[in-house]
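Each chain is listed here by its residues.
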Amino acid sequence: MPINRASKLKLYTWENIEIGEEFGPVEGILSDLKVKLHAFAVDDYGPWYFQGSPFGARIGHPTLLATDILMLFTLNYDANPPTFEGGLHARNELEFFHPIFVGQKVTIKGKTTEKYQKRGQNYRVLEGEVLDASGQCCLCMRGTETVGLAASTPVGQRMSTPPPDAITAEVPSGTPVVTHASRWVPVGAALPSLTKQTSFEQSVAYSGFPHGWAEGGARRMWVNIHTDPEDGRRHGQPDAVVQGLCSAAYISEMCVNFFGPSWLTTGRLSTAFIRPVVVRDTITASGLVKRLEEEKDGRKRLWLDVWCKNQRGELTAVGRASALVE
Amino acid sequence: MPAEKRKLVVARYENIELGEDFGPIEEVVDDYKIKKFAFMMDDYHPWYFADSPFGKRIGHAAILANDLLQLFTQVYDPNTVVGLHTQEELWFVNPVFVGERVRLYGKYVEKYERRGKGYVVMEADGRGEDGRVLLRHRGVEILHIEPGPVVGKSTAEAVEKRVTGEYRKDVEPVSRARFGIAPGTPLLPLVKHITQDQIALFSGVGKHLKNIHTDIEVARKAGLSNTLAQGMMETIYLTELLTSFFGSSWFTTGWEKMKFMAPVLSGETITARGVVTGERKDVEGTRLELEIWVENPAGKMTAAGWASGRVSGS
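Line by line, the protein sequences are chains H and Z. Quick note: the first sequence uses the numbering used here, first residue 1, plus one each step. Quick note: the second sequence uses the numbering used here, first residue 327, plus one each step.
It is possible that part of the hints are untrue.
[As the list claims (entries may be wrong)] Only pairs whose alpha carbons sit at most 20 Å apart, straight line, appear in this in silico SDA-like list of lysine to any residue: (1) Z/K487 with Z/R606; (2) Z/K361 with H/L33; (3) Z/K536 with H/T282; (4) H/K290 with H/Q311; (5) Z/K359 with H/T195; (6) Z/K547 with H/Q197; (7) Z/K536 with H/N80; (8) Z/K362 with H/S199; (9) Z/K362 with H/A79; (10) H/K111 with H/P82; (11) Z/K362 with H/G135; (12) H/K105 with Z/H519; (13) Z/K333 with Z/D403; (14) Z/K533 with H/G135; (15) Z/K437 with Z/Y339; (16) Z/K361 with H/G46; (17) Z/K533 with H/D231; (18) Z/K359 with Z/R383; (19) Z/K433 with Z/E346; (20) H/K115 with H/E93; (21) Z/K433 with Z/V459; (22) Z/K362 with H/T282; (23) Z/K536 with H/E230; (24) Z/K547 with H/A218; (25) Z/K359 with H/T282; (26) Z/K359 with Z/G425; (27) Z/K533 with Z/V354; (28) Z/K382 with Z/F423; (29) Z/K359 with H/Q197; (30) H/K115 with H/A79.
If you're looking for bench data, these hints aren't it; they were derived computationally from the structure.
Turn these sequences into a full structure, and let the hints steer you where they fit.
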């Protein structure tokens, strides 16, 4: 059974969401086409994903299965119009332990771990993980989403609380740029930024076919705020909205370039999605070295402030990233 | 009046006007288009991502083929099309370079009724910045019939020479064109798994089109069990097969013609095949001739036709 779906889907309402409810598993072979779909969707054609990697064989992008974790709830709930009111991805945390190899069997599962109300908005938390054939955890994720979204509520605005030591998201002039992580990089140095031109087609590719790779790619497109401009407009947006996890993918690409293989085995990425990315926006991912931290075993973890801005210079996502460094 | 200002006409057979010019439409074959095409067709040939034998990065030989086929949407409403692409013919004249601004021109040249169905024939071409012809297209479609009951029921016209799908099993398949290949020798086949995400992007989900390719409800209303891959996707798989076989020569001398006989469903794995049938001399030299076809997982032909090109370096 590659995908364990509920025999009868529940209405996606606040009342129906249960803490401890399990989703999945979704089992499948990580296909070549899934990697290529992701490469197109986030415009990341890194050679590790198409040829070979420092891990020996071809691997998937670190964030390749992130949206498949986030969409686990659609296995138990009816997430189709007209009953689905939608939701907003407010925060996300990812931790990477092992790369996933192309052609490898993977299992994705998750459960609802929290539901709470804050400033009049309902939130739920889904925690999920990706396991390889031996049962080893390759990555885990914790996604916080709103439940329901009235048309009068601007998507993504004032939904997240900035961390106490707020990220400035500014690179002062004269800041040195460092291309590769080490314990010797100076605090305050900037990473080379990445700029991505988003498109509606990429948004459809990213968000339209959750778990499709595990079913041979025959599954119909999922109509939602990311794949349907009308649904975007119903939620107060000028057009379809690019999934927040795409921004996490852009930041992750920047971190792969900076941390190298260590990102796939020790990387952590926490992001708050604070403003919607509308299709055709141009998004620039940037980062600054924040601090070097010694772990209990003496290894060094380098922390970054990371963020994304749109073409108007508005912040769309902020977060923290870290990985072990030599 | 410019086409974009005009109210789109319902794409029914009786509304089709012959001789009406579509376009020219201008577009740039940019990096994004190259990558999107690579994803849709699962063809990441190095010439499309780095240098080619033509001195710089080029686009897939058929990268403009579907844009030419869709030229009618300048005048006719694409969301009203329920039809069937029955025949496709392409002539490859010059490669298109990445970053090049191209112009597409076309018109309906023929319409006729046969066995109670309305056929329309479009001829179109894509031209480069310097006016050189890149690709010529001739497509035959049935308009406004119900595809479910019709596909696979021999809607194609009588073929020139029936493609049997037979080839010699006692010889090794060939990977590259050369003179002296024994007739009956098969080409190395090309296997493709076709996913709904590829089909949706290919058939206009980016332009919000709802059709038997992008939308399961439209497909079901047309009597189909699932969405279909566009016939043009099969053409492009065969083009990839022939590009691998002929190499650079395919971009300047290639010709292929095929008829679509049965549907290819979302999620199916197909095999594109070819067999060398002989050599033919013309005023410009010698062309290698082939029969080409696409098989579904049951081994049934879904498209079949003919191709020829010159051997590179000859």
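Here is how each hint holds up against the structure:
no. : hint               : result
1   : Z/K487 with Z/R606 : holds, 16 Å
2   : Z/K361 with H/L33  : holds, 14 Å
3   : Z/K536 with H/T282 : violated, 27 Å
4   : H/K290 with H/Q311 : violated, 25 Å
5   : Z/K359 with H/T195 : holds, 18 Å
6   : Z/K547 with H/Q197 : violated, 37 Å
7   : Z/K536 with H/N80  : holds, 17 Å
8   : Z/K362 with H/S199 : holds, 11 Å
9   : Z/K362 with H/A79  : violated, 28 Å
10  : H/K111 with H/P82  : violated, 25 Å
11  : Z/K362 with H/G135 : violated, 35 Å
12  : H/K105 with Z/H519 : holds, 18 Å
13  : Z/K333 with Z/D403 : holds, 9 Å
14  : Z/K533 with H/G135 : violated, 42 Å
15  : Z/K437 with Z/Y339 : holds, 8 Å
16  : Z/K361 with H/G46  : holds, 13 Å
17  : Z/K533 with H/D231 : holds, 15 Å
18  : Z/K359 with Z/R383 : holds, 13 Å
19  : Z/K433 with Z/E346 : holds, 6 Å
20  : H/K115 with H/E93  : holds, 16 Å
21  : Z/K433 with Z/V459 : holds, 16 Å
22  : Z/K362 with H/T282 : holds, 18 Å
23  : Z/K536 with H/E230 : holds, 14 Å
24  : Z/K547 with H/A218 : holds, 18 Å
25  : Z/K359 with H/T282 : holds, 17 Å
26  : Z/K359 with Z/G425 : holds, 10 Å
27  : Z/K533 with Z/V354 : holds, 17 Å
28  : Z/K382 with Z/F423 : holds, 7 Å
29  : Z/K359 with H/Q197 : holds, 13 Å
30  : H/K115 with H/A79  : holds, 18 Å
Taken one by one, the earlier hints fail for this structure at numbers 3, 4, 6, 9, 10, 11 and 14, listed in ascending order.
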